[in-house]
Amino acid sequence: MSKLSLVTKGFVKDNPTFALMLGMCPTLATTTSAVNGMSMGLATAFVLILSNMAISAIARFVPDKVRIPSYIVVIATFVTVLQLLMQAYVPAVYDTLGLFIPLIVVNCIVLGRAEAFANKNSVLDSALDGLGIGLGFTLSLTVIGIVRELLGAGSIFGYKLIAGDGILVFVLAPGAFLVLAYLLVIFRKYILKNE
Amino acid sequence: MVACLGCVTLVCAALLGVVYVYTEDAVSAAQQAKSTKAIEAVSPAFDSLCEETEADGRTSYYVARDAEGANIALIVTAESSKGFGGKIKMMVGFLPDGSIYDTSVLEHSETPGLGAKATEEGFKGQFRGFNPFQRKLSVVKDGGDVDAITAATITSRAYCDALQTATDKFNTLSQEVFPKPQQEEEPAAGEENIEEDTRNE
Numbered sequence: 001m002s003k004l005s006l007v008t009k010g011f012v013k014d015n016p017t018f019a020l021m022l023g024m025c026p027t028l029a030t031t032t033s034a035v036n037g038m039s040m041g042l043a044t045a046f047v048l049i050l051s052n053m054a055i056s057a058i059a060r061f062v063p064d065k066v067r068i069p070s071y072i073v074v075i076a077t078f079v080t081v082l083q084l085l086m087q088a089y090v091p092a093v094y095d096t097l098g099l100f101i102p103l104i105v106v107n108c109i110v111l112g113r114a115e116a117f118a119n120k121n122s123v124l125d126s127a128l129d130g131l132g133i134g135l136g137f138t139l140s141l142t143v144i145g146i147v148r149e150l151l152g153a154g155s156i157f158g159y160k161l162i163a164g165d166g167i168l169v170f171v172l173a174p175g176a177f178l179v180l181a182y183l184l185v186i187f188r189k190y191i192l193k194n195e
Numbered sequence: 001m002v003a004c005l006g007c008v009t010l011v012c013a014a015l016l017g018v019v020y021v022y023t024e025d026a027v028s029a030a031q032q033a034k035s036t037k038a039i040e041a042v043s044p045a046f047d048s049l050c051e052e053t054e055a056d057g058r059t060s061y062y063v064a065r066d067a068e069g070a071n072i073a074l075i076v077t078a079e080s081s082k083g084f085g086g087k088i089k090m091m092v093g094f095l096p097d098g099s100i101y102d103t104s105v106l107e108h109s110e111t112p113g114l115g116a117k118a119t120e121e122g123f124k125g126q127f128r129g130f131n132p133f134q135r136k137l138s139v140v141k142d143g144g145d146v147d148a149i150t151a152a153t154i155t156s157r158a159y160c161d162a163l164q165t166a167t168d169k170f171n172t173l174s175q176e177v178f179p180k181p182q183q184e185e186e187p188a189a190g191e192e193n194i195e196e197d198t199r200n201e
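Here the protein sequences line up with chains A and B, keeping their order.
When we follow the numbering used here, the leftmost residue of the first sequence carries the number 1, and every step to the right adds one.
When we follow the numbering used here, the leftmost residue of the second sequence carries the number 1, and every step to the right adds one.
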């Protein structure tokens, strides 16, 4: 597999949200607006790249019996690093995402890539895989966020496009399921099929 | 096996320690900036700020001073657990005469688009210059002087509830913060109104 396709496969073929259907909890909960979705995606991408690299580096030395605990320790460390960095430099984003930052530890995309890819591949390939999957996740969350924000609040990235209140349900939890379902249909029927 | 897990945790702990030390100052600076910004939003322009701890020893209040060192505003934090989604925590700035300079919500979990409108100008603007010692701090539906948010009466009530707590705090603190001659008549009028409020709740 070429280096480039390692990155690009995360966008369509192995798209974590629409193709692999992983990490649904943050997908549904943090996409109330485009900015929130994008921040969550980038935060996950950060953890994914670093944990993929670290795990592919240590995989050879870790006995099978303590494999999962070791991986979780590595992932939790990078999540805490991210949490400290966000608290220090982007406190506003940290406040919005709140609880969902520590929850990246149990995001199945991160452990999933560690198990499925990083522990069998080189550090560089794992980093590229993390980058591709991370950006794919960011893209999906941003698209869901854009649709929900546009329908629910009449704005995109905070810029008001349609006057008035919008269709409130799209900002609430049921709207997350509706938007995800329709985008999934569109993605699977028109984009994934052509790959 | 144990050695391996031990090594992994040791390296991770070391990494966390390093990052913590490097970000410590920036984190506290960011938190400081956040609370200063919240205070500036609810207080008239001040020259210096003095933080005092309340009688309960946990919460604190702030006294804003002008260039001459006179106390110009008292800023207290208050919360209500009667919100639709849980706790509403807010910061309220009082002028010496007991009127509210401005209010600001620090934390809430109200419904977006409905209760969350409490943070918007349309609702919170009405409290600018509101004197809780002269007007009634409850929604119109309950016989008060506060216009509730459409379809979010519970949030509006909780907002008033938190403001009432803040007003009570102002009442207990105002004597020492603003020891002025005009103060003599103010607390008396205030107590009267507060009693009335509790009866109606």
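No lab work stands behind these hints: they were computed from the structure.
Heads up, some of the hints might be wrong.
Pairwise CB distance ranges (calculated) [unchecked claim]:
# : chain 1 : residue 1 : chain 2 : residue 2 : range
1 : A       : 169       : B       : 143       : 19 to 25 Å
2 : A       : 21        : B       : 112       : 42 to 48 Å
3 : B       : 179       : A       : 25        : 24 to 30 Å
4 : A       : 158       : B       : 31        : 44 to 50 Å
5 : A       : 158       : B       : 17        : 34 to 40 Å
6 : A       : 99        : B       : 28        : 19 to 25 Å
Quick caveat, the model's predicted, so the values are computed rather than measured.
No residue lacks a Cβ here, since even glycine has one placed at the ideal position from N, Cα and C.
Worksheet entry | Distance restraint hint 44 to 50 Å, applied to the beta-carbon atoms of residue 158/A and residue 31/B | Taking Cβ atoms as reference, residue 158/A and residue 31/B lie about 24 Å apart, which means the hint is violated.
Worksheet item: Is it true that residue 179/B and residue 25/A lie within 24 to 30 Å of each other by Cβ?
Response: Violated: the Cβ-Cβ distance is about 55 Å, outside 24 to 30 Å.
Discussion item. The hint says 19 to 25 Å between residue 99/A and residue 28/B; measuring C-beta to C-beta, is that right?
Written reply: holds (22 Å)
Worksheet item: Cβ-Cβ distance between residue 169/A and residue 143/B: within 19 to 25 Å?
Response: About 33 Å separates the Cβ atoms of residue 169/A and residue 143/B, which means 19 to 25 Å is violated.
Worksheet item: At the C-beta level, are residue 158/A and residue 17/B separated by a distance inside 34 to 40 Å?
Response: Because 37 Å falls inside the window, the suggested range holds.
Discussion item. Just to be sure I understand the hint, the distance between the Cβ atoms of residue 21/A and residue 112/B should be within 42 to 48 Å; is that true here?
Written reply: violated (26 Å)
Comparing the model with each earlier hint shows violations of hints 1, 2, 3, 4; every other hint is respected.
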